[in-house]
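For the record, the sequence lines run as chains A and B. According to our numbering, the stretch in the first sequence is residues 1 to 437, in order. According to our numbering, the stretch in the second sequence is residues 1 to 437, in order.
Heads up, a few of these hints could be off.
Same chains, same names: a pair is fine if it fits in one copy or spans any two.
As the list claims (entries may be wrong) - Below, in silico cross-link-like pairs of lysine-lysine (DSSO-like), each with a Cα-Cα straight-line distance of 30 Å or less:
| hint | residue 1 | residue 2 |
| --- | --- | --- |
| 1 | K399 | K260 |
| 2 | K173 | K251 |
| 3 | K324 | K25 |
| 4 | K330 | K180 |
| 5 | K260 | K172 |
What the hints contain is simulated information worked out from the structure, not anything from laboratory work.
Protein chains: 2
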Amino acid sequence: MQAKFSTIHNLNQNWIGMNPENRLKCFNSLGRILAEDLFLSLPTVYQAELITHMSLVERRAWLRMLPLDDVADVIQCLPEAQRDLSLNLLDDETKQEVQGLLAYAEDQAGGLMTPQIIRLHPDMEVEIAIQYLRTYAKHHHEKAYYTYVVDQDQRLLGVVSFRDLLMAETNKKVADIMQKDFISIPDKLDREDVARVFSSHRVSSIPVIDDHGRLKGVVTYDDIAHVIQEEATEDIQKIGGMEALGLPYWKTGFTAMIKKRAGWLTMLFLGEMLTATAMTHYDEDIERAVVLALFIPLIISSGGNSGSQASTLVIRAMALGEVKLTQWWKVLIREIGSGIALGAILGTVAFIRILLWPNKETIYGPHYWLVAFTVAFSLGGVVLWGATAGSMLPFILRKLGFDPASASAPFVATLVDVTGLIIYFTVATLILGGTLL
Amino acid sequence: MQAKFSTIHNLNQNWIGMNPENRLKCFNSLGRILAEDLFLSLPTVYQAELITHMSLVERRAWLRMLPLDDVADVIQCLPEAQRDLSLNLLDDETKQEVQGLLAYAEDQAGGLMTPQIIRLHPDMEVEIAIQYLRTYAKHHHEKAYYTYVVDQDQRLLGVVSFRDLLMAETNKKVADIMQKDFISIPDKLDREDVARVFSSHRVSSIPVIDDHGRLKGVVTYDDIAHVIQEEATEDIQKIGGMEALGLPYWKTGFTAMIKKRAGWLTMLFLGEMLTATAMTHYDEDIERAVVLALFIPLIISSGGNSGSQASTLVIRAMALGEVKLTQWWKVLIREIGSGIALGAILGTVAFIRILLWPNKETIYGPHYWLVAFTVAFSLGGVVLWGATAGSMLPFILRKLGFDPASASAPFVATLVDVTGLIIYFTVATLILGGTLL
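Model the full structure from these sequences, guided by the hints.
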């Protein structure tokens, strides 16, 4: 039995690495039971891929195997032309429920939930409720461990776990044993917030409620575990300086991949062109003291690195709800402190490095002391500026309604590069004016 | 009742933002029921913080409220001196179990699991099993929905959900209704792999087994939802170019924060110093054609951006198990393709930009055509190199036994900066030799 599971596990793990043709061949070569287990364990995109290669009769059978919320997800993943075709395979009642789910955005609680839940009435006796369950829950797809107690208007009154029912004295009423202090979430709640409610409250499922307090469905842990992963993937890809792929690496086509990357890369490039413009203002300085050019990459990239650390920290702290928009000034104070400390460290390292270099006089000229001071102070300033700008950028983006994760390492680096040059050449003019400049 | 939950929810959300003193004051001002609910909902570090401020009598009472795996986590979070003190508060049996848990590393399945599980024998009748549950499970902390069937040697034979028991005919035996095809994980499994098993198999709990096949405990979804978040946080912080904090933003002290950041920042800085060394080789070129200096920041940062995209993509795909170590060559081929496409796009943009600039002749000199070609070809080469190096670095790090997430955007940028300069000045010599150089 373990053998069967390890087969499924291996297939599941290797599925992404195979090409579509091999996936189809492999799937068709499996026995019915293994194929079913594999199908149920696959991510939605792969379920949809397999479905598109099936005859309509097969397709109906395989769709029926899925819980309703997964059916909706699979249909959403199909090519536009195939969606209605597949919807029409479902019986009327199921179709209606799936259409209800499709009406919600995929990233809302309503889009994540299953509408198939067991509803009890408060004045049911426990024994009757158990009998009702025994007949009803057998035809029930989801791994449900809770029942929901509603009034005539479908308003949620309480929650009863299968376990509570099992433990209760059979002559009690459902209302006596239901938990009345439950958490519920609105159907329009963003899935990132849903994930946060799950990880802070440690519950296995949360009922979803519409604007009128009516019970619409339930979101379960297994719908959300993969949302947490997906949200983190999106943020990581944005932090890397690109659009989120939205699909696994191998599943993303070459042109789609280029599109997701070229947009940001070009925008960053256009921003970075400002450095060339800034440099034209300093070309006379460079002509007089070419030694200054040597440290340009060092200084601007140190600012970028410092900014990248600060922005990444703030982006993640925001995503986890640790840092709020209103706390920008607390972060600012802290990052100014960090920037000064880190700038002092790097400045000192650079100062020592220049003074200890064996042939410093031939490379940096007779004024190497002054050059060392220029580089050290510039670094201090640039690192401080990087930490400040990097930490504030996510706040500004969020305030303007953008995703703070767009404050990627490359974005911050680009922002800091131009100002880094200005800081460097200003410091140089102050320290080297009259000697080298 | 909803009011109570929203109080807890708000407190929970704001807890991180408060300073330790206010947290303690706030906690002490709560009524017993609210305080208990809040305590149970807090992350381990905050539970430990509150525990350290309690008298031993109080401490015993609050620790008893927690499931055993959480007790172990809290004790692990306490200052060294307080650990044994707190362990000794527990009754002998509990103490032994907690010590067993403490023996596992925190990042192993054994460190995540609870040892308190309901064990059934295969020849128990369903009715007896239900009676056993009714007496036993009441004293049971975890939100368990499964029971585990073991033989005399504690080897796991099958799994029975509460729901299966509820639905079963009462004269059947446990062996008849148990699911024999279950997933289990070894007790030494790394928590990142545990998280992956959870998200690919959509189960609510997984039994943990030692080398001899004996059942040791169970890891439940709520232990893992926060692991998924934590693993993502670690990776994101590493990608940002620093050590993972390991604590929430506000919980990390100023000096700890500086330490986590200064290490990488200094290492990157030392690496970036190679740019200054490289530049000394080209200072005569710059002296002859200062116009070359103008494009240095633009070219090296474009390479860094391209590298940052590629490394981030690969890091995340590896963490999700989409890309395997052996697939490096498939990634290489793909990233060479992406690099050529992206390099061509940026090179074209740069070429057009230089030719369209109004006063190009005064800024770039009479050979602006050649300058445009130099910049365009260098960009193409640097972007291609960035994509290649950025995508391969995570593979190299992992092969060497390091965390691939250390291939941070700043690390890749630093690596690409030096080679970027070499590419740029080599292209310049080839194209501008005889005219500007």
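- Message: Flag every earlier hint the structure violates by its number, smallest first.
- Response: 2, 4, 5
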